[in-house]
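Model the full structure from these sequences, guided by the hints.
Residues per chain are reported as follows:
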Amino acid sequence: METVDALLQATIRAGTPLLYAALGELVTEKSGVLNLGVEGFMLMGAVSGFIVTNITGSAFMGICVAAFVGFTMGTLYAFLTVEFALNQVVTGLAFVLGGTGLSGFLGKGYIGKTISQVPVWTVPVLGKIPVIRAFFTQDWLVYFSYLLFLLVWLVVKKTRIGMELSAVGENPRSADSAGISVYRYRFLASALGGALMALGGAHISLAYAPMWVENMTAGRGWIALVIVIFAFWDPLRALFGAYLFGGVSALQYRVQTLNIGVSPYILGMLPYLVTIGVMIFFSSERARRLLGAPSSLGKPYLREGEK
Amino acid sequence: MRKAGLLAVVLLAVALGFGLKVGFVYVGPVGDAGWSYAHDQGRQYLEKVLPGVETAYFESVPEGVEATVKLRQLAASGFELIYATSYGYMDSVLEVAKEFPNTIFMHCSGFKRAENVGTYFGRIYQADFLVGIVAGAMTKSNLIGYVAPHPIPEVVRGINAFTLGARLVNPNAKVKVVWVNAWFDPATEKEAALSLIEAGCDVIAHGQDSPAANQAAQEKGVWSIGYNTDMSKFAPESHLTAAIWNWGPLYVEITKSVMDGTWKSEDLWPGFEKGVVDIAPIHPAVPKSVVKLVETYKYLFQKGEYKVFKGPLYDNEGNLRVKEGEVMTDHEIWDMYWFVQGVEGSLPSSGE
Amino acid sequence: MKHLGFIFLAALVAAVILSFYAYRVESGNIVESGGEELKETLSELEIALSESLYDIKQLIESSTQSVIFDNENDIRRWMQTILDKTGASDIYCILPDGEKVYVYELPFALPSIDERMEDWYQNVITKESGGLLVFGWKDVRGEYAVEIAFAVGDLVFRISEYPLERFSSLLKREGFRLTLAAMTDKVGRKGLALASNVYKTGTLLEFSQAISLRLEDVSFLDGEPVLVGELDPLWMEEKRTQIRTFWTNVGLGAILVILALWLLFFFRKYKLVLQSPLALSTRQQILASIIAVIVSLGALSALVFILGRSPINALREMFSWAFLTRTGIIETLTRSVPVTLIAAGLCVAFEAGMWNIGGEGQFIIGAIATTGFSVFLFREWPAPFVLILTFLIASLAGALWALGPAVMKVKLGVSEILSTLMLNYVALKLLDYLVYGPWKSAEVKNFPLTDPVPVTLGKIPILNVHWGVLSIPIVAVFVWFLMRASIFGFEWKATGLGFEAARQAGIPVDKSQVFSLLLSGAVAGLAGAVHMFGAQYVLQHGFSPGYGYTAIIVAFISNLNPLAVLLTGPLITGLFVGNARLELTMNFPVSVSYLVQGIILVSLILVRNVFLYNPRIVKRGVN
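Read top to bottom, the protein sequences are chains F, B and V. The opening position of the first sequence corresponds to residue 17 in my numbering, with each subsequent residue numbered one higher. The opening position of the second sequence corresponds to residue 1036 in my numbering, with each subsequent residue numbered one higher. The opening position of the third sequence corresponds to residue 1228 in my numbering, with each subsequent residue numbered one higher.
In case anyone wonders, no lab produced these hints; they're calculated from the structure. These numbers were taken from a predicted model, which means no experiment stands behind them. Where hints are given, some of them may not hold.
[Said to hold, decoys possible] Label-pair distances were calculated between CB atoms; the ranges are: (1) V:W1347 x B:E1272: 20 to 26 Å; (2) V:F1550 x B:K1147: 30 to 36 Å; (3) V:I1615 x B:K1358: 19 to 25 Å; (4) V:N1540 x F:I296: 51 to 57 Å; (5) F:V139 x B:P1086: 58 to 64 Å; (6) B:N1177 x F:L142: 32 to 38 Å; (7) B:D1365 x V:W1347: 38 to 44 Å; (8) V:P1611 x B:D1350: 45 to 51 Å; (9) F:P135 x V:V1484: 29 to 35 Å; (10) V:F1550 x B:E1134: 18 to 24 Å; (11) B:A1091 x V:N1841: 45 to 51 Å; (12) V:W1608 x B:L1303: 37 to 43 Å; (13) V:G1535 x B:S1176: 50 to 56 Å.
[As the list claims (entries may be wrong)] PhoX-like mimics (lysine-lysine), calculated; alpha carbons at most 25 Å apart, straight line: (14) V:K1672 x B:K1147; (15) B:K1323 x B:K1175; (16) B:K1268 x F:K124.
[As the list claims (entries may be wrong)] Rough simulated footprint, nothing fancy, chain V against chain B, three-plus residues with beta-carbon under 8 Å: (17) 1096-1108; (18) 1115-1125; (19) 1202-1212.
Positions of the beta carbon are idealized from the N, C-alpha and C atoms, including for glycine.
Here it is as structure tokens:
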């Protein structure tokens, strides 16, 4: 039982940054905006959270600032892609490059510094029950991710706001004629999504591996993008997806200790190949339509008379 | 003739009040608390001790063509002595050295030399042996975890020496190796360390450039051992000791020999006797007797009276590799690519 | 909707403000809780010091003046100074091996640094040395260091040289309660630190920082030393300044941007209206590229300026190095070969609307194929034969690597952006697998390198760049020809402009998309072969620093025109070469070049869209 608990715990720990990022991307994509820059957002969140925590000694403040930085970047992204109708693929790539560069620049003096990491807190009763305790012996940011997941799930699935958000992503023209402000929804979704992605980065630098290293997200932003596709834009499935990928990376080293005789480099390809497999399996155009992918994803909305 | 010319240049520079320009090329960022950090400490030491010397560096230089152009840039910018601090720079160094015969290149951990290319490295395995003793003495479960970067001889040698040290004081100790296939990837390293702890290891050692494995050990309340530099500030409670690099004195020695014209192309592979390698302060929880033992072996290394790799040595499949009474030559140690008895782990097969 | 936006923004701002408040309370607490006790201790110390024998001022000054000793003689000299200044009768000094160098030999062996607990000092100082203990040793970094210890009451003070961070961990380990030490802090400033570990262990480091005083802040009244006991702290002030600077530099800018954008477009009655798209003239396209480069250079200059250097010097250094010096030109051209080739190929894919992000992976696969075939199969064959055959095979390998994504895109609608990107990572792992495993050369002592390719392209005389440079114009013209003067080109263009429209017009869109991706993969694979034969020779871990990604920018800047790539490829590469040059001459962080790449991209498409849509700001409701 011990090992199962430990593996599950590792799975959640490794899956949390992915969960944050995937939720952020999901919210953004729901509104019809494709944000490929997740990696850049995560890195900026990681570095700003770390710097502030290092200076002030308060991880809480680091988290707030990381979210704020993500929010700012999301706003900028929305401004460029929603207002100016910039190509979302290229803008996303530019945000990856810019985020990588700027985080490296800002974090230069903070490599090798230490912080007091976000503490692990065991929930009194739940933390004692076998299996379930894996979910409740985690750091504060993990608990916060549960909360945010619930919030996103509720808002997207159960409220009028969520419905309108989907409408904007589905068919902006009819949403617009129904009196829903397409621009405002997209603006807000991008900005909040950005904040979520940055929190994912902050989890890595403040709790998972409490230090700052250039490029420390190591491609997790791209995996988050895949998780959203894998989840068919559904928060609950995104949760599973994030933990599934977390589980794969946690399992990788546990399998290695068993000496199964496969080159670790080949094993290292696994997450990427699985990702491609998942994409083939799920994201055919038909499946997308069937399962409610935002139809206008990646297409800038221009009002009649403007185009 | 070429040598004389070089000497004249150096003398002229000194006479004019300019020092030697020394360039460094690092493979990682200087703040990584690991390999490149240790080299940069050496560079700073060099600047402090030899005030006339002017230094500059390139960090995070990938191996291959990128390194070639960076080395060429240093040589063309008037740097007279260039330290290339990664084995992967090997061919780049030779290529550029051919173009700039008046510049002296020192290549770390390589073996190809030319008239103006020397090689240097340190016997870090001696320090690995010492920290292995500490690890072997501290393990209760007789299982020591080792988070290993890439399967190359340098790492294999370190793991072997570490294992021999551990089994010196604890013949039942086993060293479990997990490859992370990266020199520097904190989140991955931490995950690997945690998997080892779950597998029952109660001392975690590593050969990485980041202290993530130490942090993981601290979190889980097991002992850990650092590498490259003293990593105790990242995990003060768990950090037993560390095998550390101390390049400063060697850099001063090499640079001085270049300045006074006595430099010649050779292979330098010093260990404790020159102070190039050392171990970090040992955690107070380690019994005094163990500390004394470590100090004794350190003293023997300093005097050059102890060899780590001497027979009988068996590999981890039970084959006798070195016979009783035999000592492995430097040559054999250099390209060691098999695990000694007591290591649990496998090496990717090589192309032989 | 409006309210929701307000609520989120307000909540976030409130959280930031709250966290400031939380921070203030928290740091206040440190001082509050530790303060009273420490103040008491300090006043005790003051009394005790006034009774003590030594001129502490002298002691401190002399101990902080000389830090590192080259040899033992210097230590002797320094000891003599201390002796003269303090008038102490007994000074003990020993060196590493217990060897006597000065005045008196200690009657016992010196324990290792970790065993020297407070009790030990107390004991030696009171019983053996008569109040003052001085000794030298060699520390782990091989530096000779000197330590002075004296006792005041039952507190031991040690004065020794340590970096601050190291000091606090040592202190904790050694079990000292309160120690005074001469320190060198992170910025190399000399000073005194008073550190304690009787309070909270976790805050030890911060605590010692909190009360570290600079030497000049220790005042001496009437010749009697008085430690300034006010805790407040320089440290607190320093931290506050740090935070203030942080916010003025980064935070304030971000807040301003965000508020402006939100107020303008989200809450207020204004909006941006885009006009019907106009076609871009060639002049506008060129202008957009130029503006993008200028904007990015402006951003770079701003960063240089922030770091306190002269932007003009930096720009001059960059350009003169990359384009005017011989070594710089070699560097620019050598690096621009793979970048420009891949970019030429990408033009095709992008033109057909296939977002090939996998240039990097296809390039690596090309290089792998090159090594595989030339080293293991064609080793004995005549050189021209090997070259031509390998070029073909590498192109084929690159195309094959792109085949999967292409088919998946057309048949299943799988996003080629993600699949090509994932395959980049797979290619990197494959490379590692090969060089660390089966392809490792037997001749390099188990280092992860393959054997070198059997033939090389050789260097162009005088210029010293390999002949592979010539492949750039050949490939670029070939691609240009395909794009502008063949039926394929027409199909690509039509597909890229409008998928559905092209399909209705009877253009085989699927085929043309697959072909475009294959072609760009083939060119990237060829680039891998040229790079291997021309400059790289052996496969090794991480040999490509992202040529495939830089190529994307080059393709965009060139507006997907392969002939323009010929010019922009070396230009953009030169920009990055020059940028990297700043690392050497100005110690400028290398990561900035990524930032510059990002800024170029954004400003480029922004300017293009501005030309294209001619946007204007109008009041909402006026359509």
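Hints and how they fare:
1. V:W1347 x B:E1272: 20 to 26 Å: Because 22 Å falls inside the window, the suggested range holds.
2. V:F1550 x B:K1147: 30 to 36 Å: Distance hint for F1550 (chain V), K1147 (chain B) holds at roughly 33 Å.
3. V:I1615 x B:K1358: 19 to 25 Å: Violated, since I1615 (chain V) and K1358 (chain B) (Cβ atoms, about 53 Å apart) do not stay within the stated range.
4. V:N1540 x F:I296: 51 to 57 Å: 53 Å, holds
5. F:V139 x B:P1086: 58 to 64 Å: 59 Å, holds
6. B:N1177 x F:L142: 32 to 38 Å: 35 Å, holds
7. B:D1365 x V:W1347: 38 to 44 Å: 42 Å, holds
8. V:P1611 x B:D1350: 45 to 51 Å: 46 Å Cβ-Cβ, so the 45 to 51 Å window holds.
9. F:P135 x V:V1484: 29 to 35 Å: For P135 (chain F) and V1484 (chain V) the Cβ distance comes to about 34 Å; the hint holds.
10. V:F1550 x B:E1134: 18 to 24 Å: Holds - the Cβ-Cβ distance for F1550 (chain V) and E1134 (chain B), about 20 Å, lies within 18 to 24 Å.
11. B:A1091 x V:N1841: 45 to 51 Å: 49 Å Cβ-Cβ, so the 45 to 51 Å window holds.
12. V:W1608 x B:L1303: 37 to 43 Å: 41 Å, holds
13. V:G1535 x B:S1176: 50 to 56 Å: Since G1535 (chain V) and S1176 (chain B) have Cβ atoms about 54 Å apart, the given range 50 to 56 Å holds.
14. V:K1672 x B:K1147: 11 Å, holds
15. B:K1323 x B:K1175: 17 Å, holds
16. B:K1268 x F:K124: Satisfied, since the Cα-Cα distance of roughly 19 Å is no more than 25 Å.
17. 1096-1108: Result for this restraint: holds, n = 10.
18. 1115-1125: With 3 residues close enough to chain V, the hint holds.
19. 1202-1212: With 0 residues in contact (Cβ-Cβ under 8 Å with chain V), the coverage given for the segment 1202-1212 of chain B is violated.
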